[in-house]
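Each chain is listed here by its residues.
Protein chains: 2
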Amino acid sequence: MNTAYPFVPALREPEGSPIRELFKYLSDPQMISFAGGYPSAALFDAPGIGAASAQVLAQRPAECLQYGATEGAPALRRALTALMAERGATVAPEELLVTTGSQQGFDFLVKALVEPGSLVLVEEPTYSATLQALRLAGAALRGIPADHEGIDVEALEAVLEAAAAAGERPRLLYVVPTFANPTGATLSLPRRLRLLELVARHQVVLVEDDPYGALSFDGAPPPSLLSLCAQVPAARPWVVHLASLSKTLAPGLRLGWLAGPAEIVRRAVIAKQVSDLCTPPWLQLTAAQYLDDGRLPAQVAREVAAYRDKRDRLADALRQAFGARIRFALPAGGMFLWAAVDGIEDAAALLPHAIAEKVLFVPGAGFYAERRPRAAFRLSFAGADPAQIGEGVARLARAVAQAAPPHMR
Amino acid sequence: MNTAYPFVPALREPEGSPIRELFKYLSDPQMISFAGGYPSAALFDAPGIGAASAQVLAQRPAECLQYGATEGAPALRRALTALMAERGATVAPEELLVTTGSQQGFDFLVKALVEPGSLVLVEEPTYSATLQALRLAGAALRGIPADHEGIDVEALEAVLEAAAAAGERPRLLYVVPTFANPTGATLSLPRRLRLLELVARHQVVLVEDDPYGALSFDGAPPPSLLSLCAQVPAARPWVVHLASLSKTLAPGLRLGWLAGPAEIVRRAVIAKQVSDLCTPPWLQLTAAQYLDDGRLPAQVAREVAAYRDKRDRLADALRQAFGARIRFALPAGGMFLWAAVDGIEDAAALLPHAIAEKVLFVPGAGFYAERRPRAAFRLSFAGADPAQIGEGVARLARAVAQAAPPHMR
Chain Z
1 MNTAYPFVPA LREPEGSPIR ELFKYLSDPQ MISFAGGYPS AALFDAPGIG
51 AASAQVLAQR PAECLQYGAT EGAPALRRAL TALMAERGAT VAPEELLVTT
101 GSQQGFDFLV KALVEPGSLV LVEEPTYSAT LQALRLAGAA LRGIPADHEG
151 IDVEALEAVL EAAAAAGERP RLLYVVPTFA NPTGATLSLP RRLRLLELVA
201 RHQVVLVEDD PYGALSFDGA PPPSLLSLCA QVPAARPWVV HLASLSKTLA
251 PGLRLGWLAG PAEIVRRAVI AKQVSDLCTP PWLQLTAAQY LDDGRLPAQV
301 AREVAAYRDK RDRLADALRQ AFGARIRFAL PAGGMFLWAA VDGIEDAAAL
351 LPHAIAEKVL FVPGAGFYAE RRPRAAFRLS FAGADPAQIG EGVARLARAV
401 AQAAPPHMR
Chain P
1 MNTAYPFVPA LREPEGSPIR ELFKYLSDPQ MISFAGGYPS AALFDAPGIG
51 AASAQVLAQR PAECLQYGAT EGAPALRRAL TALMAERGAT VAPEELLVTT
101 GSQQGFDFLV KALVEPGSLV LVEEPTYSAT LQALRLAGAA LRGIPADHEG
151 IDVEALEAVL EAAAAAGERP RLLYVVPTFA NPTGATLSLP RRLRLLELVA
201 RHQVVLVEDD PYGALSFDGA PPPSLLSLCA QVPAARPWVV HLASLSKTLA
251 PGLRLGWLAG PAEIVRRAVI AKQVSDLCTP PWLQLTAAQY LDDGRLPAQV
301 AREVAAYRDK RDRLADALRQ AFGARIRFAL PAGGMFLWAA VDGIEDAAAL
351 LPHAIAEKVL FVPGAGFYAE RRPRAAFRLS FAGADPAQIG EGVARLARAV
401 AQAAPPHMR
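The listed protein sequences correspond, in order, to chains Z and P. Read left to right, the first sequence gives residues 1 to 409 (full-length UniProt numbering). Read left to right, the second sequence gives residues 1 to 409 (full-length UniProt numbering).
A hint or two may mislead.
No distinction is drawn between identical chains; accordingly, a pair holds when it is met within one copy or between any pair of copies.
Derived lysine to aspartate or glutamate pairs resembling EDC-like cross-links, with alpha carbons at most 20 Å apart [stated by the list, open to error]:
hint, residue 1, residue 2
1, K24, D316
2, K24, E94
3, K358, E168
4, K24, E71
5, K24, E63
6, K358, E21
7, K24, E168
8, K24, E345
9, K358, D28
10, K24, D218
Think of the hints as simulated: they come from the structure by calculation, not from any bench.
With the rest of the complex left out, here is chain Z:
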């Protein structure tokens, strides 16, 4: 398949996103999708964003349209620092980098810290694009199991000790501790503190990917790992926090940030210099204006109310359709529900039946470092039309009835 460029080694043969491969089915207007991790476009505050953008362009046209500082526009850096402080984390200017979406922050960490063959630890299951980025960089991936309370810190400790005994040092440890992708799970507070102790003791860079924390359905979300470094100060030089406005303001603005130790931020800034130089300043100033105007909390409240309702509709429909045959933990925030149904050993084999029934989900296999069939699958409720959730689940139940072995139908 790669005959034209035979000099490219197998290592670099890249792997496409398992989720994006499903997008071709979205052109079918009959399709009901629980697949993509898209926020609901119906909730976007286009008028508010448009007004902020027109205001900053009129006031500061040259700053909007010229190259900007690689670290980010000062106005947005100030606004994000204030947002982090509200969320309990004090971040100095040299500890913050604005990125073109939070995924870019992870890409820069990989570029700065990972080489072919580097050992990298990820909780399992985990965000598929993280696995994709690490595989593209040639990392040696090792999965650490996670359950409904997040990463298994005992299993992690065993792996860290075995690695240390073997003279290996993981370059990164990646977790989504709050309303995780794909599981919706949230790392418990005792595990958060234990995780920080472990990375401090083993001197491993811990990446806390936190795009969903603001979407908390039951009051404030748990404190971030970054903010908990106040209790475990030895962990602070090892924690890098990735955050985003994609799930709260709008993903199309491609605005995220990286907060972490100055030495790591310095390396990420240089990776950004050679990548996109700077995140579009106009969009940065637009977001800063929106944040400074105090509009984000009301927007997030609208999203939380809508997503909580959709989660409840989805959970109710799943229980009604599958009864005791389905297993899932109710997510306390975010966009995803992770489920498995008795009789389905490989969710990837269920998918063609679902597509035939005109419903989409993401099979679990794409979220694991080790590739083998997985029973579980991811359902995204955030982007779904609430009126269609019940019908989508009914289609899923028909697909399961076709795919399950006869005695399980």
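Let chain Z serve as the given structure and place chain P on it in line with the hints.
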């Protein structure tokens, strides 16, 4: 300097931009800068861009603010394909990727094709961020000399043959053939054709970085290497063309594109999936609207007139101040003039004197793969205030008078 993260190997100790290190001096309001490669903010069409952005947001809010296709928004892909056709190159949809600035396109090529130790060829001198990106990736850099007619194709052929004899295959060959950064030089037509024959014969991916081609002061620019593949069809699978709206529309939009063989574009798309997922759709649709409205040619004409005038002012002032002691070739377009003055063996040693006189330029050393003192330096005329060019050159002459050996003052 890196005690906190001792596990990071020396290979990955990144190098900052030699140009960005000068930016701290720009806060001095007395400073006259010929340093940064910034277009003139005074020429930005902020009203036109603002109107296009408001229009697309009103018409297609969800498309503007939601995640978009990694390959780029269909409307912009169509507009850019049309622009390429006007410039003589036919590009199929699967041969085009929208990037967040053209530099990101090069970053993806590096990610897809270069590993630590990979041999990469660059014309010398060349764009400093290209060297930075390649060094960050651990490439083995080899410079090929260039003169006022661009890369020396005889020298290139000798290097390619020696590499082939040694069983080495360069992963990339990077050139800026039209109004080059830093030299302003333009590759002659005979050399263009010879270059294409060489990459076809040696099966080396040729990166044609072309951000400046539209800024041609004397009629149409020479045909791009990509368009010349019509005459050397065997070269087509080996040519990747990088282009940008940064130097014509506005750099702050961060809109560039990569046009090349589908197999390479496919790899770049995957690199983009794990980096920024997509370029901000709102800005893409804004640019597409602007292009579809036919506004770009008039904007480029304004820029060409202004930059030609500034080039002439700079060249006249240099000749007047230095007479026969200065050597430079008049650039036929773009933003840069590359000069050397008798008596200055190391332009980096001249720089502190220039800063004391309150004028900035970029010393030549940062544009070479091999690091050693260089006599030449880069003067950017595009961003300069035309009324200050003469005074800037007078300051430069005073700095030279201080830095040159006594008999040369």
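Each hint tested on the structure:
1. K24 / D316: For K24 and D316, the Cα distance exceeds 20 Å both inside one copy (29 Å) and across copies (59 Å).
2. K24 / E94: between (42 Å within a copy, 15 Å between copies)
3. K358 / E168: neither (47 Å within a copy, 51 Å between copies)
4. K24 / E71: Cα proximity of K24 and E71: across copies only (14 Å, versus 36 Å in one copy).
5. K24 / E63: Classified as between: cross-chain Cα gap 17 Å, same-chain 39 Å, threshold 20 Å.
6. K358 / E21: within (16 Å within a copy, 56 Å between copies)
7. K24 / E168: This pair counts as neither: shortest intra-copy Cα distance 42 Å, inter-copy 41 Å.
8. K24 / E345: The answer is neither: 25 Å in one copy and 60 Å across copies each exceed 20 Å.
9. K358 / D28: Classified as within: same-chain Cα gap 8 Å, cross-chain 63 Å, threshold 20 Å.
10. K24 / D218: Neither: 35 Å inside a chain and 47 Å across chains, both beyond 20 Å.
Figure legend: structure checked against the earlier numbered hints; hints not met, in rising order: 1, 3, 7, 8 and 10.
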